[in-house]
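**Q** Those sequence lines, one after another, are chains A and B.
Last residue of the first sequence: number 138 in the working numbering, and the count goes up by one each step with no gaps.
Last residue of the second sequence: number 138 in the working numbering, and the count goes up by one each step with no gaps.
Check before you lean on any hint, since a few could be wrong.
Treat identical chains as interchangeable: a pair holds within one or across any two.
Under the rule of at most 27 Å between Cα atoms (straight-line distance), these lysine-lysine pairs were calculated in the DSS-like manner [to be verified]:
no., residue 1, residue 2
1, Lys100, Lys72
2, Lys64, Lys110
3, Lys72, Lys114
4, Lys100, Lys64
5, Lys64, Lys114
6, Lys100, Lys41
These are computed hints drawn from the structure, not numbers from a lab.
Protein chains: 2
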Amino acid sequence: MFVPGFGEASPESKAAKNMQDFFTYVAVKIVLAQLESYNPEGYEELMDFVSKNSLNDGDKFCSGLMRESPRHRGLALRILEVRSAYIKRDFEWDNLQKLAFKMVDESNTKLMREYVLETSHMENGE
Amino acid sequence: MFVPGFGEASPESKAAKNMQDFFTYVAVKIVLAQLESYNPEGYEELMDFVSKNSLNDGDKFCSGLMRESPRHRGLALRILEVRSAYIKRDFEWDNLQKLAFKMVDESNTKLMREYVLETSHMENGE
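Only chain A is shown next, with the shape it has when bound in the complex (with noise of 0.2 Å):
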C-alpha cells in the first residue's frame, strides 16, 4: 500500500530498520549477559563502551566497536551473530504481530474511554 510521507522506502522498510537497531540492542544486553558469567574483563569493556556510545543506531555503534581495539573488535563480531541469529531462530515474529494488533485495540479503547470519563467529571462538576 502506498504511503504519502516516506520518499523511497514502503512503511515495510522503515520499520525493518528500526527493528534492526532495536536487534542490535537486544543482541548487546545477550552478549553482555554472556560475558558477565565467564569472561568479566570482557563485561566491563562492553559496558564502558556501552556507556559512552549511543546504541541509538545499531550500525554506527557496531562500526565504532570494530575500530576500538582488536579485543573489541571481538565482541563485535560476537553482537553481529548474536544479532542475526536472534532475530531468524528466537524472535517471536508471530507474537509481534499478535500483540501489536491487540495493543492498537486496548490503546484506542484507553484513550476514547478517558476522555469520555474526563468529559462525565467535567459534566457532574458543573
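For this one, chain A is given, so just place chain B on it according to the hints.
**A** Chain B only, in chain A's frame:
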C-alpha cells in the same frame, strides 16, 4: 526466549510498543493525505498540531489531539481508526520479516567488508 534487561516486558512486546508509535505516525500521514484533497481546513489544523506536538509517543499525541477542540477530536478518532485498519489490513507483516532478515545480513556483511577494506588501505599505505 529470555532476554536480560527487559524487566517484565518481552522483546516482542517492547517491539510491538515501538511499532504502535510508528503506526500512529503512518496513520497521521495517511489522514493528512486524505484531508489534503477534500478538506483543506482540516489539513491545515492537523499540520499545525503536528508541527507543535511530537509524534514520538503516538498515544500521547492522540490524547492531546482529542482535547484540542471538537474538530481536532474528530481527526483524532479518524487516526485511531486508520492505525487499527492499517496494521490489520495493509501493513505487510511477512514482508517486514523478510526485509529484516535481508537487512541484518547485508548490514553485517557491509560492516565487516568496510573494516577489512579500511585495514587493507592502511597496510598498503605503510
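**Q** Please write out, lowest number first, the hints stated earlier that are contradicted by the structure.
**A** 2, 4, 5
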